[in-house]
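Put together the whole structure using the sequences plus the hints.
If you're matching them up, the sequences are chains U and D in order. Take 1 as the starting number for the first sequence in the working numbering and just add one per residue. Take 1 as the starting number for the second sequence in the working numbering and just add one per residue.
Read the hints as simulated data drawn from the structure, not as lab findings. There could be a bad hint or two in this list.
What the hints assert, rightly or not - Partner residues are not named here, just some residues of chain U that face chain D (Cβ under 8 Å, in silico):
1) T50
2) L73
3) D77
4) I79
5) V81
6) V92
7) I172
8) R173
9) K176
10) E180
Built from N, CA and C at the ideal position, the CB exists for glycine as well.
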Amino acid sequence: METKSNLFISTLRALQKADVLNEIILVGSWCHYFYRIYFNNSPEIPTVRTLDIDFLIPNPLRMKKEVDIPEILKPLDFIPVQNYPSGYIKYVHPELELEFLTPELGRGKGDHPYEISKLHVNAQGLRYLNLLQSQTIKVKSEGIKVILPEPAAYILHKFIVFERRKKEEKRIRDLKAAKEIGEFLLKKTIQRRKLKQVFISLPEKWQKRIVKNTKDKSPLLFDFLNKLDNAS
Amino acid sequence: MEILNGVLKEELERLKNLEKSYEQKIAELPKGSLIKKNIKGNIYYYLNYRKSGKGVFEYVGKLNKEKLEKMKEKISERRKLVKLKRQVKKNTKNLEKMINGNKK
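In structure tokens, the structure reads:
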């Protein structure tokens with residue numbers, strides 16, 4: 001049996017070979033794996049990862065080629081498991097799980113997933129994911145080129161969505177990661193600039209929510225963002 | 001430690017759900033090995049497996065090339081899932097040990 005990291009890399013390789021990896025964005029805690037590489041193995045980037053790999057399928061998806069993702073995942077022993085009654089399908093393996101997400105726009109679809117026919121999968125629609133798809137970086141490692149959210153966007157997104165988490169444990173974990181990465185970004189001039197740039201691009205309502213949520217959780221981030229909020 | 005325990009518990013829940021999913025899929029697939037019997041010049045297929053310690057031959061019938069291939073695929077799919085389920089059980093056992101160890 002493959003270890004989690006090996007399986008993760010094999011999955012990315014398979015998706016890259018099928019020209020999918022340059023169209024979808026790796027989100028969720030497995031981003032930390034590549035953020036560590038991006039920031040030259042900085043110990044400030046947390047290593048605790050969950051067992052689900054989340055991929056964001058941009059909305060709209062501009063991909064021209066049709067790719068059968070379930071067929072790509074089959075040789076890696078991922079099997080589709082459908083959630084009833086929503087119909088949402090995730091791909092499971094003893095070591096890892098693969099989920100597809102997409103930004104929920106407009107009135108949304110409630111509990112029903114979005115059919116992504118070009119990729120032969122469906123994706124769970126979630127609010128605020130457009131923040132992650134609009135600001136991305138590319139990281140290359142071990143011959144794999146992966147698209148990730150800009151770290152600044154990643155942490156700001158976490159400070160918005162953590163309160164929507166139903167499980168307390170997940171909320172704590174989200175906040176800890178956002179705080180650790182966020183405070184690390186503040187130490188870097190370029191990243192401070194990016195934080196500012198991403199923050200001021202957000203709707204005012206989102207900005208207010210982030211500032212409110214950082215107040216008790218991270219005084220350093222609160223000071224930095226509050227000044228930007230007051231200036232805007 | 002709290003975060004680590006949270007991740008471990010979440011994984012345990014995931015593995016238990018996964019085991020159920022594998023069981024459901026396994027139940028939908030044919031069990032055993034495909035056996036060919038030549039009876040009076042006709043080829044008939046049977047599924048051979050053990051039930052309560054006894055060997056069972058379950059009649060499948062005549063299969064054309066296409067149906068035979070499909071049946072073989074399903075049998076190999078079942079074997080793969082049984083193997084994966086075994087891995088899940090092993091992972092669950094290890095995880096329970098870790099969680100109980102952390103509690104001490």
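For each hint, the structure was consulted:
{"no.": "1", "hint": "T50", "result": "holds (6 Å)"}
{"no.": "2", "hint": "L73", "result": "violated (13 Å)"}
{"no.": "3", "hint": "D77", "result": "holds (6 Å)"}
{"no.": "4", "hint": "I79", "result": "holds (7 Å)"}
{"no.": "5", "hint": "V81", "result": "holds (5 Å)"}
{"no.": "6", "hint": "V92", "result": "holds (5 Å)"}
{"no.": "7", "hint": "I172", "result": "holds (6 Å)"}
{"no.": "8", "hint": "R173", "result": "holds (5 Å)"}
{"no.": "9", "hint": "K176", "result": "holds (6 Å)"}
{"no.": "10", "hint": "E180", "result": "violated (11 Å)"}
Checked against the numbered hints given earlier, this structure breaks hints 2, 10; the rest are met.
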